[in-house]
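Trainee: Taken in order, the sequence shown gives residues 0 to 80; the numbers are from numbering that gives the first Met the number 0.
Hints are computed from structural coordinates only; laboratory data are not their basis. Just to be clear, a hint being listed does not mean it is correct.
[Said to hold, decoys possible] In silico lysine-lysine, PhoX-like type, Cα no more than 20 Å apart, as pairs:
no. : residue 1 : residue 2
1   : 18        : 46
2   : 56        : 21
3   : 56        : 46
4   : 14        : 56
[As the list claims (entries may be wrong)] Label-pair ranges, simulated between beta-carbon atoms:
no. : residue 1 : residue 2 : range
5   : 3         : 27        : 14 to 24 Å
6   : 47        : 74        : 15 to 25 Å
7   : 59        : 2         : 30 to 40 Å
8   : 3         : 79        : 28 to 38 Å
9   : 0         : 44        : 13 to 23 Å
10  : 80        : 2         : 36 to 46 Å
11  : 74        : 46        : 14 to 24 Å
12  : 71        : 17        : 17 to 27 Å
13  : 63        : 2         : 28 to 38 Å
Computed from a predicted structure; not experimentally measured. We put the beta carbon where it would ideally sit given N, CA and C, even for glycine.
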Amino acid sequence: MTKIERIQTGLRLEKRLLKVLKALAEHLDISTAELIEAIALHAFEGKAPFSPETRAKIEMLRAVYDLDLTTADSHTTQEVD
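With the hints as extra help, turn the sequences into a complete structure.
Mentor: Take a look at the structure:
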């Protein structure tokens, strides 16, 4: 088992995105932080982080929380006051 050190962070995320991440983490029985770590580590290696079954669950959660953002939106969003 690899030993790591975690720190607290003031991470800010889009509201609906966070809802989907939290629901997915609950579904996978892991913490939201562990889910974000796994997604980042997979992305750093150019690997897909989710199985087809998990992708289907994500699509259902996106619909539930009305998350219509895509990767195309990642550099074009503007925060509201």
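Trainee: Taking the hints in turn, state whether each one holds.
Mentor: So, going through the hints one by one against the coordinates:
Distance restraint check for residue 18 and residue 46: the Cα-Cα separation of roughly 24 Å exceeds the 20 Å cut-off, and the hinted pair is therefore not satisfied. The straight-line distance between the Cα atoms of residue 56 and residue 21 is roughly 13 Å, inside the 20 Å bound, and the hint therefore holds. Restraint check: the Cα-Cα separation between residue 56 and residue 46 comes to about 19 Å, which is no more than 20 Å; the hinted pair holds. A distance of roughly 19 Å separates the Cα atoms of residue 14 and residue 56; the hinted pair therefore holds under the 20 Å criterion.
The hinted range of 14 to 24 Å is satisfied by residue 3 and residue 27, whose Cβ atoms lie roughly 19 Å apart. Checked against the given bound of 15 to 25 Å, the beta carbons of residue 47 and residue 74, roughly 21 Å apart, stay inside it. Between residue 59 and residue 2 the C-beta distance comes to about 36 Å, which sits within the given range of 30 to 40 Å. Taking 28 to 38 Å as the suggested C-beta distance range, the pair residue 3 and residue 79 conforms, at roughly 35 Å.
In this structure, residue 0 and residue 44 meet the distance hint of 13 to 23 Å, their C-beta atoms being roughly 20 Å apart. In this structure the hint that residue 80 and residue 2 lie 36 to 46 Å apart at CB holds, the actual value being about 42 Å. The beta-carbon spacing between residue 74 and residue 46, approximately 22 Å, falls within the hinted interval of 14 to 24 Å. At about 20 Å, the CB distance of residue 71 to residue 17 agrees with the hint of 17 to 27 Å.
With their beta carbons about 37 Å apart, residue 63 and residue 2 fall inside the hinted range of 28 to 38 Å.
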